[in-house]
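Each chain, written out:
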Amino acid sequence: MSTLELVELELDGARVRALDSGGVPGSDAAPLLYLHDAEHHPGPAPFLEALAERRRVIAPEYPGYGASEGGERIAELSDLVLYLRRLAGGLDAAPLDVVGHGLGGMVGAELAIWCPQLVRRLVLVGAYGLWLDDVPVPDPYTMSPDERRRAQWHDAGAAPEQEPMLAVPGVDDEHARAVLRAQNLAMSTKFLWPLPERGTVRRLHALEAPVLVVHGEADGLVPPAYAEAWAAAVPQGRVELMVGAAHLPMLERPTDFVAVVERFLS
Amino acid sequence: MKFHWFAEVTYPDLPADFPQRHDSSWVDIPASLADPRRVGEVYRMFVRLMVQADRWGFDGLAVNEHHQTSFAMTPSPNLLAASLASMTERAAILVIGDSLALYNPPTRVAEELAYLDCLSDGRVIAGFVFGTPMDSTFSYGVPPVELRDRVNEARELVLRAWREPEPFAFNGRYTKLRYVNVWPRPIQQPPPIWVPGSGSVETWDLVTDNDYCYGHLSFSGLRAARPVVEGYWDHVASRGGNLNPHRMAFTQICCVAPTDADAERLYADAVRYFYTHNPQAARFLAPPGYHTPATMVAQFARGNAGLSAEDRRRAASGEMSFWEYDEKGYIVAGTPERVRQRLRELAVDLRVGQLIATLHMGDLAEEVAAMNTELFGREVIPYLRDLWADEEDRWTPMASQRRVAAAASAPAAASAPAMPGGGGA
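Just so you know, the protein sequences line up as chains A and B, in that order. Throughout, this note's numbering is defined as the position within the first sequence, counted from one, plus 446. Throughout, this note's numbering is defined as the position within the second sequence, counted from one, plus 5.
Keep in mind the hints are simulated off the structure, nothing from the lab. Positions of the beta carbon are idealized from the N, C-alpha and C atoms, including for glycine. You may find that some hints are simply not true.
What the hints assert, rightly or not - Pair by pair, the computed Cβ-Cβ distance ranges are: (1) B:Ser37 with A:Thr449: 58 to 64 Å; (2) B:Pro41 with A:Gln563: 56 to 62 Å; (3) A:Gly603 with B:Ser37: 47 to 53 Å; (4) B:Glu396 with A:Asp585: 45 to 51 Å; (5) B:Gly245 with A:Thr449: 51 to 57 Å; (6) B:Ser313 with A:Pro541: 57 to 63 Å.
Said to hold, decoys possible - Derived pair list, reagent style DMTMM-like, types lysine to aspartate or glutamate, alpha-carbon separation capped at 20 Å: (7) A:Lys636 with B:Asp154; (8) A:Lys636 with A:Glu515; (9) A:Lys636 with A:Glu485; (10) A:Lys636 with A:Glu518; (11) B:Lys181 with B:Glu169; (12) A:Lys636 with B:Glu158; (13) B:Lys181 with B:Glu116; (14) B:Lys181 with A:Glu522; (15) B:Lys181 with B:Glu158.
Starting from the given sequences, assemble the full structure and let the hints guide the process.
In structure tokens form, the structure reads like this:
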């Protein structure tokens with residue numbers, strides 16, 4: 447039974463969607479804010495359900511993604527951070543634990559830097575946001591579907607035909623899916639194009655929350671060298687390298703992923 | 006009807022197996038494939054050909070902007086335009102165009118086009134382009150989702166910089182300037198403005214609402230172009246826009262020769278080089294956000310109307326014969342009589358008043374391109390001048406219109422063009 451419910455919120459006149467599991471009776475664990483990656487919101491995936499057993503999980507869909515409005519107001523990273531600050535404030539859920547995946551990691555780090563009172567602990571999963579000249583991040587926008595699959599999955603052959611994602615009403619044919627995908631990725635270019643680096647490294651010294659860096663050992667989108675780079679750049683960071691996983695450890699190794707995150711948060 | 010001389014400044018010496026070894030002639034093509042001395046020869050050849058076109062009665066000389074490609078080695082069209090502005094007398098200098106999002110600050114475009122307008126004595130056409138995905142988003146790194154906004158803001162800045170008599174401050178989202186006071190100013194106030202596009206409905210709105218000249222600059226030929234151009238005119242009509250054919254520019258590769266057999270003999274290899282040595286990799290063609298959802302929906306609705314995917318593949322792989330390229334509309338080839346007739350049909354059919362005749366392609370020899378230019382200028386243009394003659398043309402500079410007309414009415418001094426390649430009389 448799914449505890450995650452799709453809710454629609456209104457923020458500054460724009461309707462946005464989120465999955466929200468609601469509070470867990472008897473639990474005093476901090477609520478968890480899940481920030482999705484550049485392609486799409488994962489929907490009520492098993493790893494989110496598992497995390498929601500012990501705490502309230504809130505997983506917003508970014509403005510301009512899927513069926514969430516307000517993308518035109520988000521021009522750059524700081525706009526998205528401010529949006530999340532307002533969202534968290536409206537949910538009366540602070541302080542939060544934040545789990546950010548890919549683009550969501552970059553956003554989560556900025557959120558923790560700018561709103562330290564809001565973020566208790568931070569988990570970065572295959573996070574974009576740093577740049578190493580010696581290990582350039584591959585261009586995610588030029589990959590064929592097959593290349594992307596191999597970059598994201600340790601065992602691409604066992605990957606599901608379609609990645610789990612938050613369904614969008616009315617998107618039920620190939621053309622509509624292509625338009626939706628382009629719309630989502632177009633939003634992501636505001637933060638990741640041409641290189642996924644927006645000066646975050648200059649600000650990381652001010653990231654006060656403890657950071658767990660979870661990284662698939664075979665991540666083909668954000669090379670594993672970035673895991674060490676993140677951990678070295680923040681005041682309190684450590685790395686958990688996940689075997690048998692690439693860019694989607696939460697989908698490919700959900701049990702291990704949840705265990706690692708639970709250990710860090712408790 | 007107006008005729009503008011044009012060619013992509015293509016590197017002519019890529020190896021024969023280039024298409025097998027590389028999937029893209031853009032963005033990441035190895036620079037080692039080109040010899041800079043050879044590139045210089047190519048540049049000098051194009052200047053010579055376009056100076057010649059000016060003498061043969063062309064209405065405009067078109068230059069364009071591309072980046073990181075062997076297909077068109079013209080990173081700044083204004084540089085080539087500067088050579089032409091000082092070496093020609095009559096034809097318009099058709100800059101088609103400056104990629105507005107790629108100049109920082111965009112007042113650079115206002116300055117350089119004004120310089121060209123002064124140097125050419127008022128013969129500049131100001132073309133503003135978004136740039137292909139390969140140029141603007143991959144080579145120059147502009148986020149595709151910002152490109153249209155950036156171009157629009159830059160266009161407003163350039164036009165205002167030409168118009169305002171006093172210095173002004175410009176607080177744009179992408180450009181902030183305390184003092185805008187461009188020197189020099191253009192002679193024309195302002196130069197005619199052309200905006201080419203590839204079927205985006207937003208561009209159709211822009212050119213319709215501002216009464217600019219639209220351009221369909223593709224080399225995929227008449228069949229592929231028809232749904233787009235017809236869609237454009239329908240859009241203009243539905244928006245109550247100006248249906249003057251001089252508001253529509255169209256590129257067409259033309260291969261003119263004394264006989265049809267000469268045309269095949271002289272041009273077939275170069276046409277094949279042009280179409281086979283410019284592979285465009287799918288990974289660079291559609292970055293997310295480059296096309297809006299509205300344009301994507303319109304593109305899906307048009308589908309492959311006009312030209313099948315198989316035809317496109319065969320054209321790009323060189324499997325098409327010379328005359329099949331001609332039949333499908335990629336090229337218009339043959340005797341002047343044949344070319345005239347085909348172009349008349351095309352112009353009437355698509356309501357085109359500005360033909361951008363592409364008279365050099367691929368690795369064509371200079372003497373063949375020179376013959377093409379002369380035959381086109383002498384045996385084609387004069388026979389099509391009646392087309393749209395009763396429609397005013399506010400999209401070609403008055404100075405060049407006057408000078409080209411004056412030269413055309415002067416006594417002809419030309420002799421029969423020499424045919425290259427020992428083809429006989």
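Practice task
Could you tell me whether the CB distance from Ser313 (chain B) to Pro541 (chain A) stays inside 57 to 63 Å?
Solution key: Given about 60 Å between the Cβ atoms, the range holds.
Handout entry: Pair hint Lys181 (chain B) and Glu158 (chain B), alpha-carbon separation not exceeding 20 Å
Key = Holds, because 11 Å separates the two Cα atoms, which is no more than 20 Å.
Problem - Restraint status (C-alpha distance of Lys181 (chain B) to Glu522 (chain A) at most 20 Å) - result: 17 Å, holds
Problem - 51 to 57 Å as the expected CB spacing between Thr449 (chain A) and Gly245 (chain B), which holds or is violated - result: Roughly 55 Å apart at Cβ, these two residues keep to the hinted range, so it holds.
Practice task
Take a quick look at whether Lys181 (chain B) and Glu116 (chain B) sit within 20 Å of each other, Cα to Cα.
Solution key: 17 Å, holds
Handout entry: Restraint status (C-alpha distance of Lys636 (chain A) to Glu485 (chain A) at most 20 Å)
Key = 13 Å, holds
Practice task
For the pair we were handed, Lys181 (chain B) and Glu169 (chain B), check the Cα-Cα distance against 20 Å.
Solution key: Cα-Cα ~17 Å, so holds.
Exercise for the section: Take a quick look at whether Lys636 (chain A) and Asp154 (chain B) sit within 20 Å of each other, Cα to Cα. Expected result: 13 Å, holds
Practice task
Determine whether the Cβ-Cβ distance between Pro41 (chain B) and Gln563 (chain A) falls within the hinted range of 56 to 62 Å.
Solution key: 59 Å, holds
Practice task
Would you check the hint for Lys636 (chain A) and Glu515 (chain A), treating anything up to 20 Å between C-alpha atoms as holding?
Solution key: Holds - the C-alpha atoms of Glu515 (chain A) and Lys636 (chain A) are around 16 Å apart, at most 20 Å.
Practice task
Could you grab the alpha-carbon distance between Lys636 (chain A) and Glu518 (chain A) and see if it respects the 20 Å cut-off?
Solution key: Roughly 11 Å separates the two Cα atoms, so the pair holds.
Exercise for the section: Starting from the hint 45 to 51 Å, judge whether the C-beta atoms of Glu396 (chain B) and Asp585 (chain A) obey it. Expected result: The hinted range 45 to 51 Å holds for Glu396 (chain B) and Asp585 (chain A), with Cβ atoms some 47 Å apart.
Going down the numbered hints, you'll see the structure goes against just number 3.
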